[in-house]
Amino acid sequence: MKAIVSVFAKDARGIIAYVTALLAERDINVLDISQTVMQEYFAMIMLVDLDACSLPFHELARWLQEKGQERSLDIHIQRSDIFEAMHRV
Amino acid sequence: MSYLMNSSEILQTIQMIDQQHLDIRTVTMGISLLDCADRDITCCGEKIYEKLCRRAERLVPVCEGIEQEYGIPIVNKRISVTPISLVAAACETEDYAPLASVLDRAAETVGINFIGGFSALSQKGFTESDRRLILSIPRALTETKLVCASVNVGSTRAGINMDAVQLMGKIIRETAEIDPVGCAKLVVFCNAVEDNPFMAGAFHGVGEPECVINVGVSGPGVVANALRSCRGERIDVVSETIKRTAFKITRMGQLVAQEASARLQVPFGVVDLSLAPTPAVGDSVAEILELIGLERCGTHGTTAALALLNDAVKKGGVMASSHVGGLSGAFIPVSEDAGMIRAAEEGVLQMDKLEAMTCVCSVGLDMIAVPGDTSAETLSAIIADEAAIGMINSKTTAVRLIPAIGKDVGDRVDFGGLLGSAPVIPLHRESAAEFIQRGGRIPAPLHSLRN
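Protein chains in written order, with this note's numbering: chain A, 3 to 91; chain B, 2 to 452.
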């Protein structure tokens with residue numbers, strides 16, 4: 003299953019390293035990354051593959067959110083179908 | 002970025018959900034109770050309770066799973082059932098209120114927000130069972146928390162049952178005298194639809210399958226936000242923008258409907274294309290009308306702006322879903338829309354304008370608080386006017402009025418939660434009692450003869 007991980011935070015060093023390490027810890031493969039900094043605000047969107055991840059989706063979502071909060075990051079994960087449904091005919 | 006990922010689109014979706022109140026307003030499971038009929042009302046109640054708990058056992062957990070995986074809130078999980086006047090017709094009893102308690106208990110057990118279908122279809126006349134159900138409504142609604150009732154009093158094919166109109170005025174009055182909040186759960190329809198997922202008027206029609214999933218989307222905030230970029234543009238651009246936005250919103254509804262249907266192994270029925278507001282700031286239909294160019298909702302031009310809005314919502318939505326249905330009209334529940342509340346409080350939005358709005362696409366006079374001393378005949382006359390608009394225009398119209406007992410124009414009534422609060426709106430003081438007391442049936446209009 004493919005999902006979108008979105009990360010929002012005040013910009014700081016090591017955010018990408020921290021988030022990708024979290025994903026690697028759960029055997030999640032990153033397929034694509036888009037990242038930008040707008041007025042000191044960090045925004046990253048990643049397309050990930052969850053096929054090798056053994057954690058159920060809702061637990062993974064909660065875990066990422068908790069791990070994000072430890073570093074004041076707003077991390078969300080959503081199945082990618084929702085974006086395709088909304089923007090692709 | 003790849004075909005799959007376009008970060009500005011992804012950010013747009015996230016913003017719609019986080020900042021513009023985009024949500025799935027309701028996933029409503031329709032369940033047939035026709036096989037629960039029994040001569041003994043207790044046995045009938047047991048069958049209903051067992052069937053609802055069995056069929057809807059997984060409804061709430063499945064919806065919560067979808068919410069988590071897709072990150073889209075599903076605000077309400079609801080059930081609609083076969084009109085109880087049909088299910089209970091065989092019961093040897095006068096009072097149907099115990100069945101409302103059964104529905105309430107089942108709703109509580111499965112953890113849903115509302116259950117609709119304490120209903121009667123009396124557009125051409127009453128069965129004995131219809132009459133018993135209607136007379137049970139005041140008790141049923143004031144002794145339960147989650148049960149919603151509706152009565153269909155007219156249709157384009159059948160005309161208007163003025164005896165039912167007369168009786169419903171009394172029933173609304175009687176319910177309000179026990180508890181005005183009861184009236185927030187009671188709708189009087191003309192041309193009621195069988196697959197409406199929205200409360201308080203949802204019921205599971207007899208032409209529906211055994212069990213079905215219907216979905217109602219929302220999104221006034223998203224439409225309002227899109228219109229902010231159209232200031233000064235011609236009206237065609239406004240219409241196009243609303244269409245595009247409605248398409249996106251409805252695609253989300255379609256996705257959730259299909260997913261819920263697959264996970265629950267229940268067929269998908271329809272997506273209802275209605276813009277349902279909530280009392281939250283920025284989630285208002287009135288605000289959209291004001292962004293189109295009205296200083297305040299309710300002023301001259303409101304009816305035309307609303308007609309444009311709703312037509313564009315339908316045109317955008319209809320291509321985004323494989324099956325659309327339900328009410329698919331604009332909801333103008335005065336108490337549930339911050340912009341409507343403001344316009345009503347300022348005296349700009351009046352009863353006559355609300356009625357005019359129902360001629361084009363609004364579904365009815367919805368959640369309107371009226372003075373506490375309003376007579377049953379006046380309530381009936383308002384119902385008759387609405388039913389006539391529905392009958393002649395071949396559309397659904399509905400009336401959900403709350404007589405604010407002990408209060409008058411200028412006072413405010415609080416219903417709590419999604420139901421919001423409403424200022425008491427002035428009505429005409431002249432009587433229509435003689436008209437209402439005639440009873441009988443308004444004949445179906447000429448254009449009902451279409452065969």
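Hints in this document: simulated from the structure, not taken from any laboratory. Just so you know, not all the hints are guaranteed correct.
To be verified - What follows is a set of in silico ranges between Cβ atoms, one per label pair, in the way DEER data are often shown:
{"hint": "1", "chain 1": "A", "residue 1": "16", "chain 2": "B", "residue 2": "210", "range": "53 to 59 Å"}
{"hint": "2", "chain 1": "B", "residue 1": "236", "chain 2": "A", "residue 2": "64", "range": "45 to 51 Å"}
{"hint": "3", "chain 1": "A", "residue 1": "19", "chain 2": "B", "residue 2": "55", "range": "57 to 63 Å"}
{"hint": "4", "chain 1": "A", "residue 1": "31", "chain 2": "B", "residue 2": "144", "range": "32 to 38 Å"}
The C-beta atom is built at its ideal place from N, Cα and C for all residues, glycine as well.
To see whether the hints hold, each was checked on the structure:
1. A:16 - B:210: 53 to 59 Å: Between residue 16 (chain A) and residue 210 (chain B), where Cβ atoms are some 55 Å apart, the hint holds.
2. B:236 - A:64: 45 to 51 Å: At 47 Å between Cβs, range holds.
3. A:19 - B:55: 57 to 63 Å: Check failed, 51 Å falls outside 57 to 63 Å.
4. A:31 - B:144: 32 to 38 Å: violated, 57 Å
Checked against the numbered hints listed earlier, the structure breaks hints 3, 4; every other hint is satisfied.
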